[in-house]
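Here is how the chains run, residue by residue.
Protein chains: 2
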Amino acid sequence: MASYDLEHPAIDEIELTDVLFALSDPARLEIVREVSAGPLSMAECGATNPALPKSTKSHLMKVLREAGVVRNEPDGRGRRLTLRREELDERFPGLLDSILR
Amino acid sequence: MASYDLEHPAIDEIELTDVLFALSDPARLEIVREVSAGPLSMAECGATNPALPKSTKSHLMKVLREAGVVRNEPDGRGRRLTLRREELDERFPGLLDSILR
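Going down the list, the sequences are from chains A and B. Numbered by the working numbering, the letters in the first sequence go through residues 1 to 101 in order. Numbered by the working numbering, the letters in the second sequence go through residues 1 to 101 in order.
Please note that the accuracy of each hint is not assured.
Since copy identity is lost for identical chains, a pair holds within one copy or between any two.
List time: in silico SDA-like cross-link candidates among lysine to any residue, alpha-carbon distance up to 25 Å [as the list claims (entries may be wrong)]:
id : residue 1 : residue 2
1  : Lys-57    : Arg-33
2  : Lys-57    : Arg-71
3  : Lys-54    : Ser-98
4  : Lys-54    : Glu-13
5  : Lys-54    : Phe-92
Think of the hints as simulated: they come from the structure by calculation, not from any bench.
With the rest of the complex left out, here is chain A (with noise of 0.2 Å):
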């Protein structure tokens, strides 16, 4: 593996409490409203907060790949975001829809 291929649980290893952690913090929210709407690169994720420290955005991306709620992949010499909502939908029925209305 590339050290630019992040690991990503698979659906069956994805825990419902690790999923609602990555959700319960606001910053972490809001990349996953952004995301919600399509695949960002990056450098579009966390537009609404400018301010925030890029190592803190790492960090923020991290919480949300480990827990499984989002796919963070090489996409040219960026990084590309999708949000695994099929996925999701699949394993927590209704859980995503509830959260992000």
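Fit chain B to the known structure of chain A by using the hints.
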């Protein structure tokens, strides 16, 4: 307010991220599952985890109460825990259904 009357947030003060945080811990989520079947005395609650120290249990209850998830009210010589189901369903439609299913 008597010392045994604990504070509870009003329904319109309840924050989604606080509710998600309260439910993001396996021990707290288990308590919520227990009270989702009906009010329980403090003594009955947490019965699925009898090894839980009393101080830990008190703290779990405090987080759930302060987030607006449960009511913790005096009941005779003990205390009674109630899930704020109707209020939460009104404020965050579908959320508890998706988490407790």
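Quick rundown of the hints versus the structure:
| no. | hint | in the structure |
| --- | --- | --- |
| 1 | Lys-57 - Arg-33 | within (15 Å within a copy, 34 Å between copies) |
| 2 | Lys-57 - Arg-71 | within (15 Å within a copy, 36 Å between copies) |
| 3 | Lys-54 - Ser-98 | neither (30 Å within a copy, 34 Å between copies) |
| 4 | Lys-54 - Glu-13 | neither (29 Å within a copy, 32 Å between copies) |
| 5 | Lys-54 - Phe-92 | neither (31 Å within a copy, 32 Å between copies) |
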